[in-house]
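Starting from the structure of chain A, add chains B, C, D and E with the ligands where the hints point.
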Amino acid sequence: MEIKDSIIHVDELQTSFFTERGEVKAVDGVTFDVPAGKTLGIVGESGSGKSITSLSIMRLIESPGETIGGSITFNGEDLLAKSEAQMRKIRGKEISMIFQEPMTSLNPVFTVGDQIAEAYQVHEGLSKKEALKKALGMLELVGIPSPKARLKAYPHELSGGMRQRAMIAIALACRPQLLIADEPTTALDVTIQAQILRLINGLQEELGMAVLLITHDLGVVAETCDYVAVMYAGKVVEYADVNTLFADPKHPYTVGLLKSLPRHDIDMEGEDLDVIKGMVPSPNELPEGCRFAPRCPFATELCHNELPSLRDLNDKDQVRCWIYTDQWDGPEVNVQNDYSAAQSTES
Amino acid sequence: MEETTLPAQQEQQKRVNPQIENLKMVWRKLKKNKLAMAGGFLIIFFVLTSFIGPLLTNDELLNPNVSDRLQAPSGEYWFGTDHHGRDIFTRIIHGMSITLYIGFFSVVIGLIVGVFLGLVSGYYGRLTDTIIMRFMDVLLAFPGILLALGIIAALGNGINNVIIAIAIFSVPVFARIVRGSVLSVRKLEYIDAMRALGASDARIIFKHILPNIMSPIIVQATLFLATAILTATGLSFLGLGAQPPTPEWGALLAAGRNYIFEYPHIAFFPGISIVLVVLAFNLFGDGVRDALDPKLKS
Amino acid sequence: MLIYTIRRLLQLIPTLIGVSLMVFLLMHLIPGDPAQIMAGERADEAQVEQMRERLGLNDPLPVQYLRFVGDAVQGDLGNSIRNGRAVTDEIGARIWITVELAVYSTILSIFIGLIAGIISATRRGSFADMALMVIALFGLSMPNFWLGLMLIQYVALRFEAIPPSGWGGAAVILPVITLGTAGAAVIARMTRSSMLEVIHQDYIRTARAKGVKERLVIYKHALRNALIPVVTVVGLQFGGLLGGAVLTETVFAINGLGRFVVDNIAARDFPNVQGAVLVLAVLFVLVNFAVDLSYRFLNKRVELD
Amino acid sequence: MTTQLLKVQNLKQYFPIKGGVLGRKINDVKAVDDISFEIKAGETLSIVGESGCGKSTTGRAILRLDEPTSGSVEFDGKDLLALNKGQMRKMRKDLQIIFQDPYASINPRQTVRQILSEAMEIQKVVPKDKMDARMKELMETVGLGAHQLDRFPHEFSGGQRQRIGIARALSVDPKLIICDESVSALDVSIQAQVLNLLKKLQRELNLTYLFISHDLGVVRHISDRVLVMYLGKIVEIADKKSLFDNPKHPYTQTLLSAIPVPDPTKKKDQVILKGDVPSPIDPPSGCRFHTRCPFATDKCKNEEPLLRNTEVAGMAEGHMAACHYIEEIASGEMKRQY
Amino acid sequence: SEPNNTGDTGADTNAPDNGAENTDTETDGETNGDAADVEVDDSNLVIATTSDIVALDPHGSNDVPSSAVQTNIFETLLMQSEDMELEPLLATSWEATEDNVWRFELRDDVEFTDGTPFNAEAVKANLDRVLDPDVASQRAFLYEMVEEVVVVDEFTVDFVTEYPFAPLPSHLAHSGGGMISPEAIASDYEAMEAGGQPGDYLNENPIGTGFFQFESWNPGAEVVLTRNDNYWGEPAGVESVTFRVSPEDLTRISELETGSAHIIYPVSPSDQERVDGTEGVSVYTQESLSLSYIGFNVEAEPFDDPLVRQAVTMAIDNDMLNEGVMQGTATPAVGPIGSNVFGFSDEVEGLEFDQERARELLAEAGYPDGFDTTIWTNDSRERMDVAELVQAQLAEIGVNAEIEVLEWGAYLENTADGQHDMFILGWVTVTGDADYGMYALFHSDNQGEAGNRSFYANDEVDALLDQARQESDEATREDLYEQVMEILVEEAPMLYLYHTQYLVGIRDEVQGFWKHPNGLYQLQDVTIEN
Ligand SMILES: Nc1ncnc2c1ncn2[C@@H]1O[C@H](COP(=O)(O)OP(=O)(O)OP(=O)(O)O)[C@@H](O)[C@H]1O
Ligand SMILES: Nc1ncnc2c1ncn2[C@@H]1O[C@H](COP(=O)(O)OP(=O)(O)OP(=O)(O)O)[C@@H](O)[C@H]1O
Ligand SMILES: [Mg+2]
Ligand SMILES: [Mg+2]
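Residue numbers (the working numbering), protein chains in the order written: chain A, 1 to 347; chain B, 1 to 298; chain C, 1 to 305; chain D, 1 to 338; chain E, 1 to 530.
Just so you know, the hints here were simulated from the structure itself, not pulled from any lab data. Glycine included, C-beta positions come from ideal geometry on N, C-alpha and C. Keep in mind that a hint or two might mislead.
Unchecked claim - With a cut-off of at most 20 Å between alpha-carbon atoms, the simulated EDC-like pairs for lysine to aspartate or glutamate come out as follows:
no.: 1; chain 1: D; residue 1: Lys-266; chain 2: A; residue 2: Asp-226
no.: 2; chain 1: A; residue 1: Lys-277; chain 2: D; residue 2: Glu-140
no.: 3; chain 1: D; residue 1: Lys-93; chain 2: B; residue 2: Glu-189
no.: 4; chain 1: C; residue 1: Lys-213; chain 2: A; residue 2: Glu-84
no.: 5; chain 1: D; residue 1: Lys-199; chain 2: A; residue 2: Asp-267
no.: 6; chain 1: D; residue 1: Lys-241; chain 2: A; residue 2: Glu-269
no.: 7; chain 1: A; residue 1: Lys-259; chain 2: D; residue 2: Asp-215
no.: 8; chain 1: B; residue 1: Lys-29; chain 2: A; residue 2: Glu-23
no.: 9; chain 1: D; residue 1: Lys-240; chain 2: A; residue 2: Glu-271
no.: 10; chain 1: D; residue 1: Lys-266; chain 2: A; residue 2: Asp-267
no.: 11; chain 1: B; residue 1: Lys-29; chain 2: A; residue 2: Glu-20
no.: 12; chain 1: D; residue 1: Lys-266; chain 2: A; residue 2: Asp-241
no.: 13; chain 1: D; residue 1: Lys-240; chain 2: A; residue 2: Asp-267
no.: 14; chain 1: A; residue 1: Lys-93; chain 2: C; residue 2: Glu-214
no.: 15; chain 1: D; residue 1: Lys-200; chain 2: A; residue 2: Asp-274
no.: 16; chain 1: D; residue 1: Lys-274; chain 2: A; residue 2: Glu-157
no.: 17; chain 1: B; residue 1: Lys-32; chain 2: A; residue 2: Glu-20
no.: 18; chain 1: B; residue 1: Lys-31; chain 2: C; residue 2: Asp-129
no.: 19; chain 1: D; residue 1: Lys-274; chain 2: A; residue 2: Glu-140
no.: 20; chain 1: C; residue 1: Lys-220; chain 2: C; residue 2: Glu-197
no.: 21; chain 1: D; residue 1: Lys-241; chain 2: A; residue 2: Asp-267
no.: 22; chain 1: D; residue 1: Lys-241; chain 2: A; residue 2: Asp-272
no.: 23; chain 1: D; residue 1: Lys-240; chain 2: D; residue 2: Asp-215
no.: 24; chain 1: D; residue 1: Lys-128; chain 2: D; residue 2: Asp-150
no.: 25; chain 1: C; residue 1: Lys-213; chain 2: A; residue 2: Asp-114
no.: 26; chain 1: D; residue 1: Lys-240; chain 2: D; residue 2: Glu-181
no.: 27; chain 1: D; residue 1: Lys-266; chain 2: A; residue 2: Asp-248
no.: 28; chain 1: B; residue 1: Lys-29; chain 2: C; residue 2: Glu-197
no.: 29; chain 1: D; residue 1: Lys-266; chain 2: A; residue 2: Asp-217
no.: 30; chain 1: D; residue 1: Lys-85; chain 2: B; residue 2: Asp-201
no.: 31; chain 1: B; residue 1: Lys-187; chain 2: D; residue 2: Asp-66
no.: 32; chain 1: B; residue 1: Lys-34; chain 2: C; residue 2: Asp-129
no.: 33; chain 1: B; residue 1: Lys-187; chain 2: D; residue 2: Glu-67
no.: 34; chain 1: D; residue 1: Lys-90; chain 2: B; residue 2: Asp-201
What the hints assert, rightly or not - Label-pair distances were calculated between CB atoms; the ranges are:
no.: 35; chain 1: C; residue 1: Arg-224; chain 2: A; residue 2: Asn-314; range: 50 to 58 Å
no.: 36; chain 1: D; residue 1: Leu-205; chain 2: B; residue 2: Asp-201; range: 27 to 35 Å
no.: 37; chain 1: B; residue 1: Pro-211; chain 2: D; residue 2: Asp-132; range: 19 to 27 Å
Next comes chain A alone, as it looks inside the complex (with noise of 0.2 Å):
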């Protein structure tokens, strides 16, 4: 399935390190893609590649690690097909990327002000003065208090939460078509947090700019996506609407996601939290299968077997699961209703 309106469509994406104990497998399938000024969310747990996807899209990986297969369409063109110069000119202007740690993803030998203008210099050739009077204008747009004065300030001199909206303030220098925001409030408190998501979507609806951010929190995807891809072991699992994926997850790993979540607006009454067993496989020694078989409660022998691809459910959901397919050899299921109870069966 590819959106019409889509700025950018991710497939099959495949990106390796090569290291001295054999081939990493960090994206093995990816495939999503982020409607025009509409928010895509990445979830899922740590290691299951999300970084790495995004780096791969900003063709930023570094060796030992090779984008080596797949395809990234950007308004039509291959990104993969690009040369590093043209990369160059596209990294900062059409695509910016903002990253989890405020605290060293800013060069700490340089001001604020000059991180940002240095997005004008490079993409608008301006000099370095005028340069410095539009991050002024990009500062006050992020919300940073008194901006002539954070201009000249060193990244150290700010707090996390400024120097987030610094970070913020150099990717939109330039009013990029789209945004990948890796994980830009893990490190922030909870009231920064929203700070910084409703800026981000604030600038969103004002710049017009698609958004791909990645998280592991699920409340941030569902406050703040239009569109869900849950990743696992470097496959995308399921993509959908984020109020479909809510209401009506259907992977069995996004179901025991949801379900093994402590909610703060629900009280459990002491029952004990749905797991999901087990934990997840290594990426240098994945099953061989669907990657979530050996923790899934509805797995038969097929699954251990065969690796499901990523099929359209219907004309916008997509779901990577033999139960949804014809192949399917297993009992009838409706994996949201009978998790719990093949969970603790299972076991």
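Chains B, C, D and E with the ligands in isolation, oriented as in the chain A frame:
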């Protein structure tokens, strides 16, 4: 209970000791580093030679033989003879153990004292730390070789005093490194866990901190061995250290320098021997550092 | 920053007291009676005793130490035992040579070390990298007096324009090379590893994500950060060279402070040794202090508490 | 049983800041500033709050991992702060801690067996010959196999390591366990496993938990009572139900509203606080929250509110909040200024 | 550019054709002429040596490098010729007027470089100073027997000695007897009054009558002297002389070969061949007044037994040492003084090299299997070489000797205290008189620091030495010294090794240079010819 079920591959994993595992990893990385391996082999070669070599050589050649003085290298005298007609090759072989001995023991002594001070300083902090570190500053403020000179002047000449002198100026180097490592390990939660269990300070320091800061210590020790050997030869060059006719290499070099015009081989062979030994330790220490440094992976 | 500077300066005091005490004690531990030496080989006991009295060597050690420190604070380091000249004059005549030697050598090692280190880091794993690092290690492994001798033998004797000894003019070339080699090696290695570390930092990725050219990423974003630890090494090197030039000064017959100390230890001219070592230590401590300040200036992350 | 197992009174933890020309103490980080609370045997009290508000410091002060500046910590009727080093060492058997980082909290060079036996050896809880049996039992209790005793930490996953940490804490039969962000570093699926384990252990061993977390979801799941901290002070303390259903302090309210809910249909009216958390070095006067509080008045700036319970606002017994305007806010008389 | 002294203000000072320019450059040349520039000058003689001087005050030091410089500034009453004959210098004639009175007639045409006239008063002032206990001169021992200096008239002076002292004239030829301007001496005393050290003033203002005068001293680096144009005699051949310190053998040779030094000293025997083989330079040799010896501690076992000392002496092959250490350049020694010293007798036979006999003697002394002992040396290269070869030879007769290298200060102190077994040292009989060579080394009064580090004590030797120094008849003196020498060979309180030669490297363009057997460079007649 679902928690007890474990993935099959976990069960099959072999029992491996992390030290050994770690060593294996380091070894794998080292093996790929040709330079470090070359250094390692050289070290082994030198150490073996220092033990076996003297047994194989003709000790007669160590005695002065004025009629054969200042001979150029030849089939009989591989590296030629010196100004007393002694065979330089034989002398170098016999001197190897002395050079290694000085390097090794000065590092060991400096290491023991420095590590102890560093541990105490880093673990207890506050006034203890201040006092120890100020003292280290004082030692560091002394130009190394001048400190050694002064110490030897005070203690008298001789290899063991050279070792003490070199050890003293290595103490602050080790102490500082250890202190830094202790400070970072100390912050780790398992140290607090041991305190919460009521473990004594000694147990925490020696059982839980020390083993976890060995890497930088080992690296520093290897590299300092190179420095120690160089310093010892430097002192010998100034006429301090080994007593004649001990064939300490620095002393050979110092004596050889007087003949460098007409008989350059006398200074050349000891000089190149020193370079090789020091280079071996530097190469190896460097390789070990790279292999142990998680930041420089791949 | 000012407060920090003042505080650090105050912290130097105990170090310097420690240094002076250690020099003093070391000098008194060394066997050999300065009065005897000064009075000469043929002086009788009474003469020696008189000499001792005049030099104040009969006072208790603490008294002597306090006198030494008290005078030193006022800029008086006493007089040479051998020739009665003021120690400050003796030092003054030599200190600049040693400082010059150290400065030139440091400049040389920074120049060579930085270039080699950057080339090495940016071409990690290449032949150039390997070759440069082997050369650096070789430079580090060479006894510098041997290097000096080789330079005299193979350079000075072949090229008339380069004098084999002394100081000033073209004569500085060989000693500076001799002394600068090891430093260049250290700096090259430090620059390399520091560059390699910095290059994996998040902010470098940020710069790349901004679309900055790779060359700028290296020379603007990475190098500025990579230089920070290098500065510390340079400072330490420089400090070390001040006192570590003994051997080079000996080989090239340079009348510097290092050789002065060696000669005067041999002559048991305690005031000279005490004064010179104290001055060297003060220089060392001050240089490191300056390095520390510049480190803090360069490294915006370090809080100036 | 409803006896007080732990009673913390007027606990203060100030960390000196050195500075000035002479490097003397010029100020303090007032990490924990005069807090009092109690924990009953067998219950779980959680401390929540934003980063840097003093949660960990409280836990560490109770264990005397850092010596508190003042106050008293009474455990089982004994004042811990009055004990000397040796006595304290013995006492540590009863109080244990489980840390956040599954990688940093166990010595990578020891096998599980060494870790557990060392702990038991230090406190001499079991005779040598019974140790093996006890270790096997412990491993099973935390959901690991006895066959894994001779493995090293790096052979375990994060969740399993956390279980080892729990086993180590349990090995000395403690009464109180302080869990400092014990599940924060874990992935959701693993976090759920560990949370379930903690609850099970509490049931079976009648443990008392002081549970430190910034995740209100986790807190709601595990606690009996909840204590909210802001800048070194307690702003609200209540049983779980009252706190989540009926928060009284504006900070608690905004905190709850700021947390994203994993349910897109529940889009609610979020209160976004302005500004950052102020520094604990020079905390704001009066109510420490006044700089960010949407209700703040001059009174808040000048007068420090005390923890109190008022029935007017429908606060349950034992529910206390430190705000001057509990009643006014509850009745809607006071409106948010932003 | 240089200051414009044409008065032509505002004009184009860069113009090349300024009328005043020629004169300007000349004066500039002089004022700019610091040490570095002078070196390349043909009129400046550069001598590179191992050590810096200790002092310029002739009473403030007793080392060869200092004397070598001082002798050019300060002249003595008498001097010794190359073959050690006494010749007049500032004194025109001298005689013993009584047993204990020496009378000197002085030149009447000499002035110190500060303008003070040289006369009998000046001589008295100098002798008084060197003997002044407050000055504590290291050279007081040379004149300790002088009871009084009597000014007879302006140019006649009497030296009254405590006892008849025959070698006094040769002592006065010693560079320690160099005449300092009495004005300068007075100023030095003033400086002492003001709290200074003796010599403080003189070291900066060494005023003598010599053919050179002091220009500058850069401690550790060089001393520069310039020609005294008012010299009473034949003026020096070069305008100035620089004594440069250059401790490394190799470096010194390079300096000589590249022409940055004209004269270098010493050339190590092993480099002699090379220097001689290099074009434009050669080695000048001169027999010295020195003795290299190995001292025994005759107070301690086993060297308290003369048999042991003889055995050790006979076990050592002096020729081999000479060859191995000195490349055969030295003269093997029989006794403590060489043939160029007054009092030497060629009648005395030394102990022959005979290892067989040595073993017998050892056995006789009760050490049939030899013994363990130590050889001390300082870090002098030559002495360490000797030590190594001696060690090897002693091994042949079963004596196991450990070598210990001591640092110079410690070495002197410990040997003076008698803590040694064997030690290697040298002695220079500077005065060229056996008294200087023997009295210090063997008289029991001089045990320890004063020179007798063997702690040798023999009443007969004491008596003979006392008698010989008081005897004015030369023949009788020679006879007495021959007797002493015989005893000293027989008793072997030390192992006399050899008398070395001075090896001086010299460039071909240097003419008129010679080195005195006492080690001092004779520079008056030196010229540099190109
Ligand atoms: N440089 C590398 N070398 C080898 N493996 C790597 C490297 N970088 C990442 N990986 C592997 O790639 C996989 C995916 O990593 P990635 O950083 O994309 O995870 P993530 O989903 O972003 O996780 P997190 O939530 O922890 O950020 C991980 O298993 C990781 O171990
Ligand atoms: N040893 C210390 N020295 C100085 N300040 C400290 C020390 N330990 C903690 N602090 C300060 O005390 C305050 C409270 O820290 P604490 O670790 O208790 O916070 P926390 O609530 O546990 O935060 P987090 O959620 O980040 O763990 C912080 O401002 C911290 O910087
Ligand atoms: Mg990530
Ligand atoms: Mg905490």
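Here is what the structure says about each hint:
A C-alpha spacing of about 14 Å is found between Lys-266/D and Asp-226/A, which places the hinted pair at or below 20 Å, so the restraint holds. The straight-line distance between the Cα atoms of Lys-277/A and Glu-140/D is roughly 17 Å, inside the 20 Å bound, and the hint therefore holds. A distance of roughly 18 Å separates the Cα atoms of Lys-93/D and Glu-189/B; the hinted pair therefore holds under the 20 Å criterion. Distance check on the hinted pair: Lys-213/C and Glu-84/A sit about 10 Å apart at the alpha-carbon level, within 20 Å; holds.
For the suggested pair Lys-199/D and Asp-267/A, the alpha carbons sit about 15 Å apart, so the restraint of at most 20 Å is met. Of the pairs offered as hints, the one joining Lys-241/D and Glu-269/A holds, with about 10 Å between alpha carbons and a cut-off of 20 Å not exceeded. For the hint linking Lys-259/A to Asp-215/D, the alpha-carbon distance of about 17 Å falls within 20 Å, and the restraint holds. Between Lys-29/B and Glu-23/A, the direct Cα distance comes to roughly 17 Å. Compliance with the 20 Å bound is thereby established for this hinted pair.
For the hint pairing Lys-240/D with Glu-271/A, the CA-to-CA distance comes to about 15 Å; that is within 20 Å, so the pair holds. The straight-line distance between the Cα atoms of Lys-266/D and Asp-267/A is roughly 16 Å, inside the 20 Å bound, and the hint therefore holds. With a C-alpha separation of about 9 Å, the suggested pair Lys-29/B and Glu-20/A falls inside the 20 Å cut-off, and the hint holds. Taking the CA atoms of Lys-266/D and Asp-241/A, the gap is about 16 Å. The hint holds against a cut of 20 Å.
Restraint check for Lys-240/D and Asp-267/A: satisfied, since their Cα atoms lie roughly 9 Å apart, inside the 20 Å limit. Restraint check: the Cα-Cα separation between Lys-93/A and Glu-214/C comes to about 16 Å, which is no more than 20 Å; the hinted pair holds. Under the criterion of a C-alpha separation no larger than 20 Å, the hint pairing Lys-200/D with Asp-274/A is consistent with the structure, at around 14 Å. For the suggested pair Lys-274/D and Glu-157/A, the alpha carbons sit about 19 Å apart, so the restraint of at most 20 Å is met.
Proposed proximity of Lys-32/B and Glu-20/A is supported: the alpha carbons are some 11 Å apart, at most 20 Å. A distance of roughly 18 Å separates the Cα atoms of Lys-31/B and Asp-129/C; the hinted pair therefore holds under the 20 Å criterion. Distance hint between Lys-274/D and Glu-140/A is fulfilled; the C-alpha atoms sit about 15 Å from each other, no more than 20 Å. The suggested pairing of Lys-220/C with Glu-197/C holds, with an alpha-carbon distance near 15 Å, which does not exceed 20 Å.
A hinted pair counts as satisfied when its Cα atoms are at most 20 Å apart, and Lys-241/D with Asp-267/A qualifies at roughly 8 Å. Our distance criterion of 20 Å between C-alpha atoms is met by Lys-241/D and Asp-272/A, whose separation comes to about 17 Å. Between Lys-240/D and Asp-215/D the alpha-carbon distance is near 14 Å, which keeps this suggested pair within the 20 Å criterion. For the hint pairing Lys-128/D with Asp-150/D, the CA-to-CA distance comes to about 17 Å; that is within 20 Å, so the pair holds.
Only pairs whose Cα atoms come within 20 Å are accepted, and Lys-213/C paired with Asp-114/A is accepted, the gap being roughly 16 Å. Annotation: proposed proximity of Lys-240/D to Glu-181/D holds, straight-line Cα distance about 18 Å (limit 20 Å). For the proposed pair Lys-266/D and Asp-248/A, the alpha carbon gap of about 15 Å is at most 20 Å, so the pair holds. This hinted pair checks out: Lys-29/B and Glu-197/C have alpha carbons roughly 18 Å apart, not beyond 20 Å.
Between Lys-266/D and Asp-217/A the CA atoms are separated by roughly 16 Å; this keeps the pair inside 20 Å, and the hint holds. Between Lys-85/D and Asp-201/B, the direct Cα distance comes to roughly 11 Å. Compliance with the 20 Å bound is thereby established for this hinted pair. At roughly 12 Å between alpha-carbon atoms, Lys-187/B and Asp-66/D fall within 20 Å of each other, so this suggested pair holds. The straight-line distance between the Cα atoms of Lys-34/B and Asp-129/C is roughly 13 Å, inside the 20 Å bound, and the hint therefore holds.
A threshold of 20 Å between alpha carbons decides the hint, and for Lys-187/B with Glu-67/D the separation of about 16 Å falls inside it, so the pair holds. Note on Lys-90/D and Asp-201/B: the hinted pairing holds, with a Cα-Cα distance of about 15 Å set against a maximum of 20 Å. Here the CB-CB span from Arg-224/C to Asn-314/A is close to 54 Å, well matched to the stated 50 to 58 Å. In this structure, Leu-205/D and Asp-201/B meet the distance hint of 27 to 35 Å, their C-beta atoms being roughly 30 Å apart.
At about 24 Å, the CB distance of Pro-211/B to Asp-132/D agrees with the hint of 19 to 27 Å.
In terms of the numbered hints stated before, the structure departs from none.
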